[in-house]
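We have chain A; now place chain B onto it with these hints.
Chains A and B, in that order, give the protein sequences. Note that the first sequence covers residues 0 to 470 in numbering that gives the first Met the number 0. Note that the second sequence covers residues 0 to 470 in numbering that gives the first Met the number 0.
What the hints contain is simulated information worked out from the structure, not anything from laboratory work. Glycine included, C-beta positions come from ideal geometry on N, C-alpha and C. Please note: incorrect hints may appear among the correct ones.
[Unchecked claim] These stretches of chain A come out as covered by chain B in the derived footprint (C-beta under 8 Å, 3 or more residues):
1. 159-166
2. 199-213
3. 238-252
4. 418-425
There are 2 protein chains.
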Amino acid sequence: MRLNAADEVFATRLKTLVPEDVLRTPEARYAQDPRGRRAGQIGALALPRDVHQVSTLVKAAAEARVPVLPYGGGTGLVGGQVAWDGPAPLVISLERMSAIRGVYPTENVLVAEAGAVLDDIQAAAEAVDRLFPLSLASEGSCRIGGNLATNAGGVNVLRYGNTRDLCLGLEAVLPNGEIWNGLTRLRKDNTGYDLRNLLVGSEGTLGIITAAAVKLSPVPAGQGTAMIVVSSAAAALELLALARSIVGDGVSAFELIHRQGLEFLTEVLPDVRQPFAEPPEWCVLIELGLGAGLDPGQMLEQLFEQAVAQDLALDGVISQSQAQRQELWTVREHIPEANRLIGSIASHDISVPISLIPEFVAEAGKRIAANGQFRINAFGHAGDGNLHYNIFPPKGQSRDAFKPMAADLTRIVHDLVHEMDGSISAEHGIGRLKAKDLERYGDPTKLAAMRAIKTALDPAGIMNPGAVMRV
Amino acid sequence: MRLNAADEVFATRLKTLVPEDVLRTPEARYAQDPRGRRAGQIGALALPRDVHQVSTLVKAAAEARVPVLPYGGGTGLVGGQVAWDGPAPLVISLERMSAIRGVYPTENVLVAEAGAVLDDIQAAAEAVDRLFPLSLASEGSCRIGGNLATNAGGVNVLRYGNTRDLCLGLEAVLPNGEIWNGLTRLRKDNTGYDLRNLLVGSEGTLGIITAAAVKLSPVPAGQGTAMIVVSSAAAALELLALARSIVGDGVSAFELIHRQGLEFLTEVLPDVRQPFAEPPEWCVLIELGLGAGLDPGQMLEQLFEQAVAQDLALDGVISQSQAQRQELWTVREHIPEANRLIGSIASHDISVPISLIPEFVAEAGKRIAANGQFRINAFGHAGDGNLHYNIFPPKGQSRDAFKPMAADLTRIVHDLVHEMDGSISAEHGIGRLKAKDLERYGDPTKLAAMRAIKTALDPAGIMNPGAVMRV
Chain A
0 MRLNAADEVF
10 ATRLKTLVPE
20 DVLRTPEARY
30 AQDPRGRRAG
40 QIGALALPRD
50 VHQVSTLVKA
60 AAEARVPVLP
70 YGGGTGLVGG
80 QVAWDGPAPL
90 VISLERMSAI
100 RGVYPTENVL
110 VAEAGAVLDD
120 IQAAAEAVDR
130 LFPLSLASEG
140 SCRIGGNLAT
150 NAGGVNVLRY
160 GNTRDLCLGL
170 EAVLPNGEIW
180 NGLTRLRKDN
190 TGYDLRNLLV
200 GSEGTLGIIT
210 AAAVKLSPVP
220 AGQGTAMIVV
230 SSAAAALELL
240 ALARSIVGDG
250 VSAFELIHRQ
260 GLEFLTEVLP
270 DVRQPFAEPP
280 EWCVLIELGL
290 GAGLDPGQML
300 EQLFEQAVAQ
310 DLALDGVISQ
320 SQAQRQELWT
330 VREHIPEANR
340 LIGSIASHDI
350 SVPISLIPEF
360 VAEAGKRIAA
370 NGQFRINAFG
380 HAGDGNLHYN
390 IFPPKGQSRD
400 AFKPMAADLT
410 RIVHDLVHEM
420 DGSISAEHGI
430 GRLKAKDLER
440 YGDPTKLAAM
450 RAIKTALDPA
460 GIMNPGAVMR
470 V
Chain B
0 MRLNAADEVF
10 ATRLKTLVPE
20 DVLRTPEARY
30 AQDPRGRRAG
40 QIGALALPRD
50 VHQVSTLVKA
60 AAEARVPVLP
70 YGGGTGLVGG
80 QVAWDGPAPL
90 VISLERMSAI
100 RGVYPTENVL
110 VAEAGAVLDD
120 IQAAAEAVDR
130 LFPLSLASEG
140 SCRIGGNLAT
150 NAGGVNVLRY
160 GNTRDLCLGL
170 EAVLPNGEIW
180 NGLTRLRKDN
190 TGYDLRNLLV
200 GSEGTLGIIT
210 AAAVKLSPVP
220 AGQGTAMIVV
230 SSAAAALELL
240 ALARSIVGDG
250 VSAFELIHRQ
260 GLEFLTEVLP
270 DVRQPFAEPP
280 EWCVLIELGL
290 GAGLDPGQML
300 EQLFEQAVAQ
310 DLALDGVISQ
320 SQAQRQELWT
330 VREHIPEANR
340 LIGSIASHDI
350 SVPISLIPEF
360 VAEAGKRIAA
370 NGQFRINAFG
380 HAGDGNLHYN
390 IFPPKGQSRD
400 AFKPMAADLT
410 RIVHDLVHEM
420 DGSISAEHGI
430 GRLKAKDLER
440 YGDPTKLAAM
450 RAIKTALDPA
460 GIMNPGAVMR
470 V
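Chain A extracted, bound-state conformation (with noise of 0.2 Å):
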C-alpha cells in the first residue's frame, strides 16, 4: 500500500485538530543518526503533551496514511528513528511527556511518561533508596519510550534482565490510532495476550509507548568492584561461575575486556587512568552488588584469592573506595568512544550461547585474519553472551581504505554467529540497518508470523516503515 508524505496539506490538518504548540517546524536534529551516517527525512514534526493528543496525530496519519516516526532521545544505534528512505514521515518527539507519573516504594514500582530521561528515571528511584537498574551509556538522553521500544539492554542485564524484564505495564498508542490502557502496576496478570511485551522492541512498528509502570529493586548495602586479569577467554566465563558459587545474585555486571580496547584508550584516549602498566589480554571487570553484613570487597578478594588457586586470575585490581570503583568503570565506559575516535570498519552487537564465547572469539579472529591484517576489540557484556565485535584498518591506517570490505566482514561475523545458534543484534535492535539482515538469518516462520502481526495491527503500514522489516 502506498504512503504518501507529511507534507504542506497534512500538517495544515493537524492544525485544525492539536492544539498550535504541538507542531513545530522540522528540524534537521531529529533526522540525524548519532554515528552520523545517513540523514533521515522529516515532513512534519509534533511535540505532544498528552496521550490523547498522540492518539489524534496517529488517528490522523492512519487516516492520510502518512508514516509515523516515534521518536524518543534519538540515541538508536541501528538508524530505526532515521527515515533514509520513503515518504517523509511526521516523527511525534515524546519529549515533553517526561513525567514521573508515580512513585511507590511500596511496591517497588516507578510510573514514567515515555519522554522521561533515564537517569531522571534512576534519580527518581534513588530519592526513595530503590535502584532502577537499566543503565547504559546514552542514560543521559536517551528516554524510556525508546528503552522500551528497543529492548535495551546495558551493563546490569545479567542480573535485572533487560528492559522488558523491568516493565510492569505500558500505555501506548496502537497504529489505529487506539489508546491502550495496560499501565498496570501489577507483577502478576495473566489476562490475554502478552501485548506488553509484543510493543517492547517492535521499534515503534506496532504503536507509540507513551508511558510505563516499571520495576524497582532494593538499593544493594554494599557495592564492590575489580578488575581482573584472566589467563583467558574460557578462564573469564569460569571465573563468572566461581562468583556465583560464592555470592549467588549477587554479582551485578561482568564485562569483558580485550587488549585491544587498553591499546586504543593509550592512543586515543591517555587521560583515562589504566590499572594494569601492561594492557593484558583479556580482563573482566566484575562488580557485586550485596545485602546487609557482607564486605564487598572481602568477597572479591575471596574470589580472587580462590581464582588464582585455580589458575583462572593472573592479576587484578580491587576497588578500595568509591572514587576507585568510578576508575574502574571509567576505563570500561571510555572504551567505544575510543573505537569511535579509532573509527571501525564493521561493528557488530552479537551473542552466542555463554559456553560458546571462547570459541567464537578465537573462530572469528581466524576467519578476519584470512581476510587480512584487520584490529579486532572484543568487549562487553560476556555475562549475558553479548559481545561487541568492532573490526579497525591496522595501526596507521584509514579505514575508509578499508570499508569497501565492510559488508564482507560482518558477513563473515553474522555467518559464525548464525552457525552458533547466536543473535546478530542481542542489545541494539534492527531498526533499518539490519532490516536487510534479519531476513538473512531469522527464522522463516518466526518473520511470516511478524508479517502477519504487523498486517493485523497496522494494516496500512504508517508505523516506522522500513524499520524491523523492509517495506
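Here is chain B on its own, set in the frame of chain A:
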C-alpha cells in the same frame, strides 16, 4: 468460520500421515476438569513423539478445519484444556515429548521438551547444582509446556518471576502447522518481535509449544523459613519491606495466611501440625535464600526482633531444621486442599497493586458481608499482590444452597479488583471459565488487538477455540 469435529473420516486421514502408535483411542481422562466441574469432548487423540509429527497433525487439522486442543499435564484450573462446547477436537498430548534435551550449567540454561514434568526439570537442575525456581502445587504432574502456555505463577514469583521470566527460547508449531525454531539459549536477542512472550500465556490459542530453553539460578547456599504473626494485613507488607531492606533480593517467598485457612485445616485436616495454639488473624510465611557467608536463621531473628520493635510482628516461629522448614511449608501447602474439602461457593485468583492489599481485603470483606454471613479465606502470594480469595458457606451449611449466589459474589469481587486496577486472573489464566470476565473487564483496545493477532495467526480459528476469547 465453521469448524468440523475430529470424526472418523478425519481420524482415518491422520492414520495415513503419522505412525500408527501416535493415534490413540480417545480416553475420557483427557477431557476431565481437575475441579470436576464440567466434562469436555474429545474427537481424536494423538500422542506425537516429535515436533515434526505435531506439525503434520496441525497441518491436517488446519486443512480439515478441525479444532486442536494442546494437552499438557491437565492440571489447569480455568478450563483451558477442557473443550466443553463446539465440535469435538483433536487432542494433542505432549506427554511423550518429555525429554530433557540438554543442561548447560555454565550458561544456567536447561532445554526441555514441552511434555517434561515440572519436578523432573527441577531434579535435572538440582543434579548440576542449579535451581529451576518454578514451584507450584501441581509440580508432580504439570508439564512445562502447560506452565509456559498459561504463564504459571507459584510461590517463588516474588524473587524469580513468572514462568515467562524463566523462559529464554521456544520451539513451537504455529496454527498453520509450520515449525518455529526459536529455541535459543541466548540471554539477549533483539531480532524482531517477541513471539516467545506472545505464545507464553496464550493458553494454546496461538500454537503448540513443543520445547523450551529455560533459565536456571544458583542454589542459595542457605535457606531459612519463618512463620510470623503480623498485627494486620498492612503490617505484613511493612514486614516485607523491612525484610527487603535487610536482605535485598534474598526474600524467596512471602505468603499471607488468614485465620480462616488455619481453622479450615483444623476442621478437615487435623493432622497438619500448626505452629500456633490459637490461629492468628493474619500470619505470613517468609523464606530467605541467601548466598554464602550469611546465616538465614540469624537474619530471620534480626528481622523478627525489628518487626516486634516496630509493632509489626506479634509472635513467630523460625525454623531450626530442614524438617521444621518443611513443616511450616506443609501448613501453607495444605490450605488449597482444606479449601477443596470445605467446598467454596466461589473462588478467585486476583491481584491488585501490592500496596492496596489491605484496602482490598477490608473492602471486599465488607461488600461480601453485605450479602450474607460467609466465611472468607484470603491467602496467597502477598509479595506479588496476588491473593486467592475464596468464599465459603457458614459453618455447618452446604455450599449447594449458596451456589445460585456464586456469580453475584464473583461479580462483587471482580468489580472491586477492577476498581483497584487489579487483575481478575493473576496466575491461573483465562481458559474457558473466565472468557466472559475478560470481555467485561479487559481493555477494549487490547481485546481488539488480541482478536486481530488471533485472526492473523490462526485465520480458521482451529487452535483451542473458546479458550481466552469466546468464538
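Outcome of the hint check:
1. 159-166: holds (count 4)
2. 199-213: Since 4 is at least three, the answer is holds.
3. 238-252: holds (count 8)
4. 418-425: Holds: 6 residues of the stretch 418-425 of chain A have a Cβ under 8 Å from chain B.
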